[in-house]
Amino acid sequence: MNPEQKGKISPYPALFLAVVLLVYAVVFILDPDLAARSLARFAALLRQVIPALVLVFLLLFAVDLFLTPKRVAGALGREAGARGWLIATVVGVVSTGPVYLWFPLLADLRKNGMRPALAAAFLYCRSVKLPLVPLMVYYFGWLYTAVLTVFMLGFSVVVGLATERVEEWGGKKEE
Amino acid sequence: MEIRSSAKKTAKSFLQIVPMIAGVLLLVSLLTAAIPEEAYAALFTGHPVLDPLVGAAAGSVAAGNPVTSYVIGGELLRVGVSLTAVTAFIVAWVSVGLVSLPAEMEVMGRRFALARNAISFLCAVLMAVLVVLVLSGLGASP
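Those sequence lines, one after another, are chains U and S.
Read in order, the letters of the first sequence correspond to residues 41 to 215 in our numbering.
Read in order, the letters of the second sequence correspond to residues 113 to 254 in our numbering.
Errors might be hidden in some of the hints.
For lysine-lysine, the following DSS-like pairs were computed, each having C-alpha atoms within a straight-line distance of at most 25 Å [said to hold, decoys possible]:
#: 1; chain 1: U; residue 1: Lys169; chain 2: S; residue 2: Lys124
#: 2; chain 1: S; residue 1: Lys121; chain 2: U; residue 2: Lys151
#: 3; chain 1: U; residue 1: Lys151; chain 2: U; residue 2: Lys110
#: 4; chain 1: U; residue 1: Lys169; chain 2: S; residue 2: Lys121
#: 5; chain 1: U; residue 1: Lys169; chain 2: S; residue 2: Lys120
#: 6; chain 1: U; residue 1: Lys151; chain 2: S; residue 2: Lys120
#: 7; chain 1: U; residue 1: Lys110; chain 2: S; residue 2: Lys124
So these bits of chain S aren't anywhere near chain U, every CB distance computed over 10 Å [to be verified]:
#: 8; residue: Ser118
#: 9; residue: Gly135
#: 10; residue: Glu150
#: 11; residue: Ala154
#: 12; residue: Gly158
#: 13; residue: Leu162
#: 14; residue: Ala169
#: 15; residue: Val179
#: 16; residue: Ser207
#: 17; residue: Gly209
#: 18; residue: Met239
#: 19; residue: Leu247
Hints were generated in silico from the structure; no laboratory data involved.
Glycine residues also receive a C-beta, built at the ideal position from the N, C-alpha and C atoms.
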């Protein structure tokens, strides 16, 4: 169980950031040019990420405000069936921004009854990047793009079910 | 009251996740700045079994926009790296995240994150083999 689930704030995120800043300090001493280029990339990346981050936190707020565990379990729980897979797949494909922005929302949905397999499938479906399809076709051809996309969608179910199996291996149940 | 409580919970999540996201973004920036795109080609030896594994491993460690993986993948194909290895590289790039693994473990749970990433890694290799087999079956020259 995460510390957050027990109502405490985990010190780990701040510790993680501190370690990364320490790495940057070392890089700055050894190779100031690399550190400067990395920081410039970080600033550019941050500008791209902020809109998606705002969206994720608005969704987090909405989930907490409007979604009851019963509703989440109905749409994304074990009883959701094929409809749950369809929702996880479609939302995974159309979601934007880096994958790690979506972890808090998924964790929140899981606390409210989302099936682990659907959380893993959602994350896997993010591999299908619709806006980037033309670029993939340019580099690898349409047939390769079509075959790979079909496989990615199919494997999202495999990854989802296998992740759930491993997570619950040994009797650990989410519910 | 409900709104205030939800806002408090969201703010708490924000405080938890923002340092993590900042750390991951800093690491991604450092990795993409430190590793030149041409460095990836040196990893492949032409071994039919080893190359897809190396491709998936490189894709798992690599970070940044998937566009970069297409550009590098295209270049790797041009210099003679197999399509199986390139596919494993591209798929692992978008489905496995070693850089974001600490964040995933913290937020989603250790077992979930480790299982999802390990399974996605294996699936990247398996999918690469299957995609090339299907393309060969369809008469497309990989």
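Here's how the hints hold up against the structure:
Distance restraint check for U/Lys169 and S/Lys124: the Cα-Cα separation of roughly 31 Å exceeds the 25 Å cut-off, and the hinted pair is therefore not satisfied. For a cut-off of 25 Å, the pair hint linking S/Lys121 to U/Lys151 stands: about 13 Å separates their Cα positions. With a CA separation close to 11 Å, the supplied pair U/Lys151 and U/Lys110 stays within the 25 Å bound. A threshold of 25 Å between alpha carbons decides the hint, and for U/Lys169 with S/Lys121 the separation of about 31 Å lies outside it, so the pair is violated.
Straight-line distance between C-alpha atoms of U/Lys169 and S/Lys120 comes to about 33 Å, which puts the hinted pair past the 25 Å bound. For the hint linking U/Lys151 to S/Lys120, the alpha-carbon distance of about 17 Å falls within 25 Å, and the restraint holds. About 23 Å separates the Cα atoms of U/Lys110 and S/Lys124, which keeps this hinted pair within 25 Å; it holds. Residue placement check: S/Ser118 does not keep its beta carbon more than 10 Å from all beta carbons of chain U (closest about 4 Å).
Distance check for S/Gly135 against chain U: the nearest CB is about 4 Å away, which does not clear 10 Å, and the non-interface claim fails. Residue placement check: S/Glu150 keeps its beta carbon more than 10 Å from all beta carbons of chain U (closest about 17 Å). The beta carbon of S/Ala154 sits about 19 Å from the closest Cβ of chain U, which is more than 10 Å, so the claim that it is off the interface holds. At roughly 20 Å from the closest C-beta of chain U, the C-beta of S/Gly158 stays outside 10 Å, upholding its exclusion from the interface.
No beta-carbon of chain U is positioned within 10 Å of the beta-carbon of S/Leu162; the least distance is around 22 Å. Non-interface call for S/Ala169 relative to chain U: holds, since the shortest CB-CB distance, roughly 17 Å, exceeds 10 Å. At roughly 6 Å, the least C-beta separation between S/Val179 and chain U is not larger than 10 Å, which violates its mark as non-interface. For S/Ser207, the requirement that its beta carbon stay farther than 10 Å from each beta carbon of chain U is not met, with the minimum near 5 Å.
Chain U draws S/Gly209 into its interface by the beta-carbon criterion, the shortest separation being 6 Å against a cut-off of 10 Å. The non-interface label for S/Met239 is inconsistent with chain U: the shortest C-beta to C-beta separation is roughly 5 Å, within 10 Å. For S/Leu247, the non-interface assignment is contradicted: its Cβ lies about 6 Å from the closest Cβ of chain U, within the 10 Å cut-off.
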